[in-house]
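Please model the complete structure; the sequences and the hints are all you need to start from.
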Amino acid sequence: GGVPINPDTETATAPPSADPPARTLLDVPVDLLADVEAITGDVQAAWAGSNACVPPQAGIRTLSQSRTTLAGATLVDTPIPGVGALADVTASQTETGTYLVDDAAGGSDVVSRATTTVGDIELLGGQVTIDVTNPVVLEARSDGSTGTASFASPPTIVATVGADQIPIPLNNTPQSIVPAGLDPLVDLSITAFTPTAQSAGATGKATLDALFRIDLEVLSVPAPVGVTVADVSLAVAPMSVEATAPGGGVECGGGPSSGSIATPDISAPAQASTTTDSTPAVSGTGAPGATVTVKEGTTVLCTAVVAGNGTWSCSPSTPLPAGPHTVTATQTQDGRTSAADSTTFTVVPDPDDPDGDGLPNGGETTHGTDPDNPDTDRDGLTDGAEVNTHGTDPSAKDTDEDGLADGQEVNGVKIRERFEVCGTKARKSITVRTNPLAKDTDKDGLGDGREAKGYKIKQRVKTRDGSFTIGRTRSNPRKKDTDRDGLKDKVELTGKANKRFGKDKSDPTKCDTDQGGVRDGAEVKARSNPTDVRSGPRRPMGRIASGDVPPDGMG
Numbered sequence: 001g002g003v004p005i006n007p008d009t010e011t012a013t014a015p016p017s018a019d020p021p022a023r024t025l026l027d028v029p030v031d032l033l034a035d036v037e038a039i040t041g042d043v044q045a046a047w048a049g050s051n052a053c054v055p056p057q058a059g060i061r062t063l064s065q066s067r068t069t070l071a072g073a074t075l076v077d078t079p080i081p082g083v084g085a086l087a088d089v090t091a092s093q094t095e096t097g098t099y100l101v102d103d104a105a106g107g108s109d110v111v112s113r114a115t116t117t118v119g120d121i122e123l124l125g126g127q128v129t130i131d132v133t134n135p136v137v138l139e140a141r142s143d144g145s146t147g148t149a150s151f152a153s154p155p156t157i158v159a160t161v162g163a164d165q166i167p168i169p170l171n172n173t174p175q176s177i178v179p180a181g182l183d184p185l186v187d188l189s190i191t192a193f194t195p196t197a198q199s200a201g202a203t204g205k206a207t208l209d210a211l212f213r214i215d216l217e218v219l220s221v222p223a224p225v226g227v228t229v230a231d232v233s234l235a236v237a238p239m240s241v242e243a244t245a246p247g248g249g250v251e252c253g254g255g256p257s258s259g260s261i262a263t264p265d266i267s268a269p270a271q272a273s274t275t276t277d278s279t280p281a282v283s284g285t286g287a288p289g290a291t292v293t294v295k296e297g298t299t300v301l302c303t304a305v306v307a308g309n310g311t312w313s314c315s316p317s318t319p320l321p322a323g324p325h326t327v328t329a330t331q332t333q334d335g336r337t338s339a340a341d342s343t344t345f346t347v348v349p350d351p352d353d354p355d356g357d358g359l360p361n362g363g364e365t366t367h368g369t370d371p372d373n374p375d376t377d378r379d380g381l382t383d384g385a386e387v388n389t390h391g392t393d394p395s396a397k398d399t400d401e402d403g404l405a406d407g408q409e410v411n412g413v414k415i416r417e418r419f420e421v422c423g424t425k426a427r428k429s430i431t432v433r434t435n436p437l438a439k440d441t442d443k444d445g446l447g448d449g450r451e452a453k454g455y456k457i458k459q460r461v462k463t464r465d466g467s468f469t470i471g472r473t474r475s476n477p478r479k480k481d482t483d484r485d486g487l488k489d490k491v492e493l494t495g496k497a498n499k500r501f502g503k504d505k506s507d508p509t510k511c512d513t514d515q516g517g518v519r520d521g522a523e524v525k526a527r528s529n530p531t532d533v534r535s536g537p538r539r540p541m542g543r544i545a546s547g548d549v550p551p552d553g554m555g
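Residue 141 in UniProt numbering sits at position 141 of the sequence shown, with consecutive numbering throughout.
Read the hints as simulated data drawn from the structure, not as lab findings. By construction, the Cβ of each residue, glycine as well, lies at the ideal position given by its N, Cα and C atoms. Each hint can be trusted.
Only pairs whose alpha carbons sit at most 27 angstroms apart, straight line, appear in this in silico DSSO-like list of lysine-lysine:
#1 K490 x K443
#2 K458 x K525
#3 K414 x K425
#4 K439 x K490
#5 K503 x K456
#6 K425 x K458
#7 K479 x K499
#8 K428 x K458
#9 K425 x K490
#10 K443 x K428
#11 K462 x K499
#12 K479 x K425
#13 K490 x K525
#14 K458 x K479
#15 K443 x K414
#16 K525 x K456
#17 K496 x K462
#18 K414 x K439
#19 K479 x K439
#20 K414 x K490
#21 K503 x K462
#22 K456 x K443
#23 K503 x K458
#24 K525 x K503
#25 K490 x K428
#26 K496 x K439
#27 K462 x K490
#28 K456 x K496
#29 K456 x K490
#30 K425 x K456
#31 K499 x K456
#32 K525 x K496
#33 K499 x K525
#34 K439 x K458
#35 K428 x K462
Label-pair restraints from in silico Cβ distances:
#36 D352 x R378: 21 to 31 angstroms
#37 A200 x P169: 23 to 33 angstroms
#38 G310 x V229: 56 to 66 angstroms
#39 P55 x S273: 44 to 54 angstroms
Right, here's the structure in full:
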C-alpha cells in the first residue's frame, strides 16, 4: 500500500472579513521517500455586506486570497554511482484569489486567478536543471454575459543539460532528455501542458492538471537486464480557475475606476507593414515605469520597462517565422494591467537572408552556418547576433569553451546557491551575464562554467553547534571574491592562504564559513582557521577592525 496522507488546511471565512496570520502546516509524512521542507499557508476573505462591495485598491477588490509556499523538497538519493538525488525542488509558491476588477464603465468583472512561481528543479544530482522563467498566471474572467479563461502570463520552460538549453514547448508532447553517459541507465522525459478550456456562457473556467510532468526511470544496470531502482512521475504546478458573474455583471457604483491604467501605444512595426527582420523591434509609448508585455496570442515575445520619457522598445527573443503576425502590448503598474493595443505586420523573407537571422547568405557561407537555420549551433543566439553583435562563433555552441553556451553567457545564467556576502542579506540565487569570449570572466583562476555549475570542496567545518561538510558550491563568475570576505574564490577552494592549518578550505560563497562572527579573510590574517570556530580569534575585536565582523545573520 501507499503512504496515507491527511492534508493539513488553513481556512478563512466571511462575514466578517478575516485575515488570519500565515501558519506553517503540518509535515508531510514521506520521510522515507523525500525530504520536504516547511509548507506555509496564508489565507484571507473579505465581505462588505449583501448589497455592498469591498473597497477597491487600484481598481481591484479582493474577495478571497490564499498563498501556499513550499520552502523546498528533495527526493531520495539513488544507489547508482553518478546519478545522485532524483529531484531537488527549490522554493515555490502558488497564490489563488477571487477579485472584482473595475472596468471603465462603472462595473466590475469577476476574476479568478491562480499564480504559481516554480523554483528551479534539479534532476539526477544536478545533471539536468528545469527553469520556469516567469510566474505562471491562469485567469478566468466573467462580465455576466461572457466567460473566458486562459494563460494571462504563459511560461517559458527550459531544461539545461550541460551546455545545452532545451526549450520545453507547451504542446502536451513528451521531450526526451538524457544526460551524456546515463543513457543506458536513465529514461527521462518532460511534458508541458496547456490548460483545458471549459468556459461556457457567462462562466469562465480552465483546469491544468500540471504545468509540466517529469517522468523518470532509473535502472540498476542497462536494459534489458536492469532492475528498476526508481520510477517517478512528478506533476508540477496543477492549477484551476473558475469565475461566474451574475447576469448584467456587478456594479459597485462610483463610475469608472480612478485606478485604471491607460493602454500603451504600439508605434512600430506599423499596421500592415512588412519587414525582413525576423526579430523586429516592437516599440511605442506608455506610462513611465510601467512594464510592457508584448505577446503573440498567449506567447510572450518580450517585455520592456517604459523609460522616463514615456518610450519603450523590445525585440522577440526567438525569430518569428515568415508570414503575418499580430502582436499585442499591455502595460502593468502598481498591480494594474491595461487593455491591449495591437498591430499586424508581415515578416517577408529576404532572398539574401531566408532564415531572417541578420546574416546574409554570403556571410553564412563565410562562417560555415546554415542559411536556413537562424541559430545554427543552437546556443540561444541567432547567427547574425553572434557575428554582428557579440563576436562569438555561430557554428560553436560554446565559443570560449568554458562550459557555458554563448546564449547563457549573453542572456544570463541563473546560479542557485545560498550566497552570504559580507554586509548584505543572504540570497538563494543570482543571475549573471558573463563574457562569451573569455573562459574566466573575473580572472580569478576558475572558469565561468565551473563557477556557475559548481565544484566540490569536501571540507569539514566545525561550528559552535556541531560540524558539517562543504559539498558542491557555486560561485559568482563575475566576482573574484564572491562573498567579499577578503579571500579570492580560488584561494578559498584550494586553501592556499590557510597553510598554517594544512590548507583547510573555506567556502567562497559564505562570508564566515565557521559561523564564528569573523569573516574568513580576517581569520586568516589573525592566524586562525576559518573552518574551525575553536581556533579563534579569541578576542576578534582586539585583533581586527570592527568592520571585519559580519553583520547579524552573516556569522
